[in-house]
Every structure is written in structure tokens, then in C-alpha cells.
Amino acid sequence: MVIHEMLAQPQAITWLPWAVQYFFFIGIAACAALVACAARWLRHRRSEQYERVCLFIALTCGITAPLALTADLHQTARFWHFYAWPTPWSWMPWGALFLPLFTLLLGLWFLLFHLRKGDTRLLRALALATALTAIGLLLYTGREVSVVRGRPMWFSYWFPVAMFLSAMSALLAMLGLAMRDLTQRMAQGQVVTLVLLGAVLLAWYLGDTLSGEALRQQWRLGGEIRLYLLTLMLLWTVTLAVSLYASRYKPPFFIALASTLLVAILCWTLRWTVLMGGQIIPKFNALMNDYSLPMGTDGLLAIIGTFGLWLALAVVLGECVTWLSRRYPHA
Amino acid sequence: MDISKRQFLQQIGVVTAGAALVPLAEAGIAFGPERREGSDQHRYAMLIDLRRCIGCQSCTVSCTIENQTPQGAFRTNVNQYQVRLADRDDVTNVLLPRLCNHCDNPPCVPVCPVQATFQRKDGIVVIDNTRCVGCAYCVQACPYDARFINHATQTADKCTFCAHRLEAGLLPACVESCVGGARIIGDLKDPRSTLSRILAAHRDDIKVLKPENNTRPHVFYLGLDEAFVSPLQGRAQPALWQEVEYGHS
Chain A
162 MVIHEMLAQP
172 QAITWLPWAV
182 QYFFFIGIAA
192 CAALVACAAR
202 WLRHRRSEQY
212 ERVCLFIALT
222 CGITAPLALT
232 ADLHQTARFW
242 HFYAWPTPWS
252 WMPWGALFLP
262 LFTLLLGLWF
272 LLFHLRKGDT
282 RLLRALALAT
292 ALTAIGLLLY
302 TGREVSVVRG
312 RPMWFSYWFP
322 VAMFLSAMSA
332 LLAMLGLAMR
342 DLTQRMAQGQ
352 VVTLVLLGAV
362 LLAWYLGDTL
372 SGEALRQQWR
382 LGGEIRLYLL
392 TLMLLWTVTL
402 AVSLYASRYK
412 PPFFIALAST
422 LLVAILCWTL
432 RWTVLMGGQI
442 IPKFNALMND
452 YSLPMGTDGL
462 LAIIGTFGLW
472 LALAVVLGEC
482 VTWLSRRYPH
492 A
Chain B
111 MDISKRQFLQ
121 QIGVVTAGAA
131 LVPLAEAGIA
141 FGPERREGSD
151 QHRYAMLIDL
161 RRCIGCQSCT
171 VSCTIENQTP
181 QGAFRTNVNQ
191 YQVRLADRDD
201 VTNVLLPRLC
211 NHCDNPPCVP
221 VCPVQATFQR
231 KDGIVVIDNT
241 RCVGCAYCVQ
251 ACPYDARFIN
261 HATQTADKCT
271 FCAHRLEAGL
281 LPACVESCVG
291 GARIIGDLKD
301 PRSTLSRILA
311 AHRDDIKVLK
321 PENNTRPHVF
331 YLGLDEAFVS
341 PLQGRAQPAL
351 WQEVEYGHS
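Chains A and B supply the protein sequences, listed in that same order.
Residues are numbered in my numbering as their position in the first sequence, beginning at 1, plus a constant of 161.
Residues are numbered in my numbering as their position in the second sequence, beginning at 1, plus a constant of 110.
Keep in mind that a hint or two might mislead.
[What the hints assert, rightly or not] Covered, in the sense of this in silico footprint (three residues per stretch, anywhere, with C-beta under 8 Å from a C-beta of chain B), are these stretches of chain A:
1) 200 to 213
2) 238 to 249
[Stated by the list, open to error] Among the chain A residues that face chain B by a calculated CB cut under 8 Å, a handful are:
3) 162
4) 232
5) 258
6) 373
7) 486
8) 489
These aren't lab readings, by the way, just hints derived from the structure by calculation.
Computed from a predicted structure; not experimentally measured.
Even for Gly, the Cβ is constructed at its ideal location relative to N, Cα and C.
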């Protein structure tokens with residue numbers, strides 16, 4: 162039987178690049194908070210350095226992420242409805258609880274850390290509370306997508322794991338760049354996370370699941386998603402090679418910078434492939450849902466704007482820390 | 111019955127703990143979405159008799175006029191296919207009207223983060239668009255592409271079986287305008303309704319879309335070939351002109 166689809170209505174893409182930006186930044190922020198918490202609890206001569214850098218990354222990313230998320234709501238001003246009608250059985254509203262708590266606790270921790278106020282016990286408690294909200298964020302963002310059976314590609318337990326590992330490798334790359342004396346150590350960690358990520362993605366693709374089947378079908382059909390998958394494979398191979406090199410020999414700054422950017426691009430492309438690529442797969446039709454990146458606030462500007470916001474926040478926060486340390490040199 | 115003081119105190123403790131939960135249950139605190147509004151005396155459903163559909167898109171047009179959906183957005187439409195058997199040269203047309211399936215286990219309802227989309231007691235799945243935040247989670251969760259974001263209201267939108275018309279004793283716009291009488295709406299709880307009688311008479315030939323999703327759809331098809339029950343990607347060829355057409359829209 163040969164079926165020609167003569168007339169079908171394609172579905173519009175409704176989760177926009179804002180969502181990709183959110184998943185990118187929140188993953189890194191949550192991982193940074195977890196590492197900072199570990200640094201606070203474990204006694205290590207470099208603990209303070211880890212905590213300082215991780216807190217900085219977590220706070221800048223943790224402010225950028227929810228702003229991108231609210232922009233993805235088509236009725237942004239109604240965000241308060243999340244609190245007016247609590248719905249614990251849906252994963253999404255858990256974000257309305259975890260996100261503000263996470264940013265608030267993180268902000269407090271950051272402030273106390275830099276002002277050298279509050280005793281160790283308070284900071285430890287804060288670190289633990291923040292880490293718990295970070296776990297909540299990783300869990301809810303992962304499950305929110307992976308429970309959607311309507312999009313078979315998303316319907317996989319591997320999704321939250323892949324999101325976590327890719328965010329962690331991006332974080333380690335950033336740490337390696339920020340703490341140049343620890344580049345090699347971070348690169349070693351990155352090799353481990355990248356290998357784990359590769360194994361998880363392979364298990365996801367080869368699995369005898371609805372999601373694995375959907376992925377394999379997209380590969381066979383050879384459309385846009387195959388192109389994304391090929392890009393991911395290429396990025397993964399290059400970043401692994403660079404990390405392996407960096408774990409042996411201390412790379413010059415520009416190589417470390419390029420490596421960090423590559424890992425960040427890998428992390429971002431994975432999210433783009435799953436979230437945006439997943440939406441172009443039709444649910445019933447033969448015709449793919451068309452998506453071309455618009456130039457405006459729902460497209461390219463959203464992507465550039467969020468990265469710009471993060472950069473601006475990094476500069477402002479960096480200046481604030483410098484100002485604080487000058488004003489209170491003994492703090 | 112012989113009962114020690116200790117045992118008595120233990121048991122009274124259990125009873126007290128249980129009693130403490132009674133007001134919680136009475137307060138109606140829900141741990142899952144609940145049906146609200148509408149009457150539980152009815153269960154509305156639709157039968158589409160494909161033998162009667164001529165693909166005129168009257169349903170599509172009348173729905174957009176009745177429900178004022180923005181240009182290019184449809185709560186219902188009719189997919190059209192040309193089918194040729196492998197060993198034959200002649201082709202035949204297959205028409206497939208699509209709309210919200212008002213599932214008994216609707217995957218769109220539990221995901222809604224603010225309970226804006228809900229199922230009425232009569233089975234109709236609706237959206238309170240004054241509450242909807244436009245997160246489009248329901249659009250993702252629906253396996254039938256039945257939902258979309260209405261860019262005039264910036265909220266989720268879908269077929270409501272024209273609930274406002276049903277309440278006024280009228281037929282949904284698509285049913286009213288169907289020239290071949292292919293769309294039949296009715297009450298499943300009324301065994302004498304036309305819908306119930308046709309469903310009973312053709313029990314073995316009735317099909318629903320994507321039954322494997324366990325959504326228990328309540329839009330039933332009569333005369334639907336097995337080939338069209340599950341997704342067509344990879345099995346059907348989109349017509350070339352259609353892609354060109356879409357690229358320009």
C-alpha cells in the first residue's frame with residue numbers, strides 16, 4: 162500500500178528557543194550549586210576556591226535561567242497562577258517552587274560567603290538547602306519532558322540523566338577555565354562525564370523503548386534530526402579528544418577557552434536537538450512540522466539576548482565582588 | 111474481650127490519627143485532576159462515519175467561523191490521502207477528519223500546571239483561558255495534535271465539542287454543517303441515542319486513533335483502515351506541492 166498525504170495541517174512549534182536557553186542555564190546552575198555544596202562540606206585546601214567560583218557561576222546562571230523560562234510562557238504576566246492553583250501532580254509547577262527558592266538561597270549564600278558573615282554551621286545548612294533545591298530542579302526539569310508520551314522521542318528515563326551529565330561537563334569546562342591551575346584536574350573530570358554521557362546517549366538510542374525507536378526512525382528517515390545527531394557525535398568526539406589532551410598536558414589559554422566553548426556548544430546542541438528537534442516530528446501526519454529560526458525575540462534574539470544577559474550579570478557581579486573586597490579588605 | 115491498657119492506648123492512637131485525616135478528605139484536597147462542571151448524567155462522544163465523508167472541509171470552515179480561531183489555526187480539519195495498492199494502478203482517496211478526542215484518560219489534563227484545562231463530568235475536555243498561562247505543556251502532551259496556541263488570546267485552544275452550543279440544545283458547528291452527515295454526536299450514557307445504537311451495531315468495526323497510547327479516545331471512526339490508526343511518518347509520503355505550499359504560508 163502506497164500512501165500519499167495530500168492535505169495535512171502541520172503543528173506549530175510552541176516551546177520556543179527560550180526553553181532551550183532555560184534548560185541550558187538551569188542545568189549548569191544546579192550542577193554548580195551541587196559542587197559548591199560539596200566544597201563547603203568536604204574539607205579540602207581548595208574548597209574555598211571551588212566554592213567561590215561555583216557560587217559565581219550558579220548565581221549568574223540561576224538568575225538568567227528563570228528569566229528565559231518566563232519568556233517562554235505565552236502569558237508571562239500570569240506566572241502567579243502557579244501559586245494560586247497549586248497542582249502537585251504535574252511536574253511543571255514544581256519549578257515555581259524550586260526556582261525562586263534556589264535563587265534566593267543561592268543569593269543569600271553568595272552574600273554571606275563574600276561578607277564572611279554567618280558561622281560555618283549556617284553556611285553549611287544553607288549549602289545543603291540550596292543543593293536540595295538544585296536536585297529538585299534537575300529532577301523536575303528532566304521529568305517534565307520525559308513524561309510526555311505524546312512525543313515518543315522525549316519519553317525516556319535517559320533524558321534527565323543526559324541533561325545532568327552534559328550540564329556537569331559544561332560546568333567542569335567552565336571551572337577549568339576559571340581556575341587555570343586546576344585545568345588538568347577538571348579535564349580529567351570532564352573525560353569521565355563525557356564518556357558517561359556518550360554511554361547514556363548510546364543506551365538511549367539503542368534501547369528497546371518507544372524513545373529509542375523514535376530516535377532510530379529519525380536517523381533512518383535522514384532529515385534534520387539526523388543532521389543534529391551527526392553534529393552531536395562530532396562535537397562529542399572533538400571535546401573528548403581535547404579533554405583527553407588537557408588532562409595530560411596543560412593547554413594554553415586559547416585552547417582551554419575553545420574547549421570550554423565546544424563543551425558548552427555540545428551541551429546546548431543536545432538540548433536543541435531534543436527540545437526543538439523533538440517538536441518538528443509530527444505526531445500523526447507524514448509531513449514534518451516546519452521550523453525555521455526567526456530573527457526576533459522568539460528566535461535568534463532570545464538566544465543572543467540570554468547569553469548577553471548572562472555575560473552582563475557576570476560582569477556586574479564580578480565588579481560587585483571586587484568592590485566588596487576593596488571596601489572590606491579584611492572581610 | 112480482654113484488653114490491656116497499653117493495647118487500648120495504642121489502638122486509640124491509630125483511631126485518632128485516622129480521624130485527623132477525615133477533615134482533609136472532606137476539604138476536597140485533590141491528589142490528581144478532578145472532573146468539574148457539566149453533568150455526570152451524560153458522556154458526550156462523537157462517531158465519524160468515514161463512508162459518508164466527502165472531504166469538503168465544511169466542518170473546518172464552520173468551526174473556524176463558530177469559534178473564531180485565528181487565521182491558519184483549526185480546531186478540526188480533514189486530512190486527505192491518496193492510496194494505491196502495490197499491485198494496482200488506480201488510486202483511491204482516504205479522508206480523515208481530525209479533532210480533539212475528548213479522551214477518557216486525557217494526557218493533556220494532568221500536565222496542566224494551573225488546572226486551567228480540565229475534563230467536565232460529561233467527558234468534554236475544556237480550557238479556562240482566563241487561567242491558562244500559555245505554557246503549551248498540554249500541546250506537547252496531546253498525542254493527536256489537537257491543541258495549539260491561539261495567538262489572539264496567547265493561550266491553549268482546542269475543540270470543545272461546541273459545549274456552548276450543546277448547552278443551548280444545538281449541535282456542534284461541524285456536525286451541523288457536515289453535508290454527508292458523517293459526524294454524529296451523542297450521549298453514551300443514553301442507550302437509545304443514535305450514537306449508542308450505531309456504536310452497538312458496528313462494535314467490531316469501530317476504531318480510534320493511537321489506541322496504544324491508552325488515552326481511551328471518545329471520537330470513534332467507522333470505516334477507518336488499520337493503516338491510518340497509528341502515525342504515518344515513515345509509512346506515507348507527503349505530497350511535494352504541500353511542502354512548497356507550507357513554505358510560503
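Status of the hints after comparison with the structure:
| no. | hint | in the structure |
| --- | --- | --- |
| 1 | 200 to 213 | violated (count 0) |
| 2 | 238 to 249 | holds (count 8) |
| 3 | 162 | holds, 6 Å |
| 4 | 232 | violated, 11 Å |
| 5 | 258 | violated, 11 Å |
| 6 | 373 | violated, 15 Å |
| 7 | 486 | violated, 42 Å |
| 8 | 489 | violated, 43 Å |
Comparing the model with each earlier hint shows violations of hints 1, 4, 5, 6, 7 and 8; every other hint is respected.
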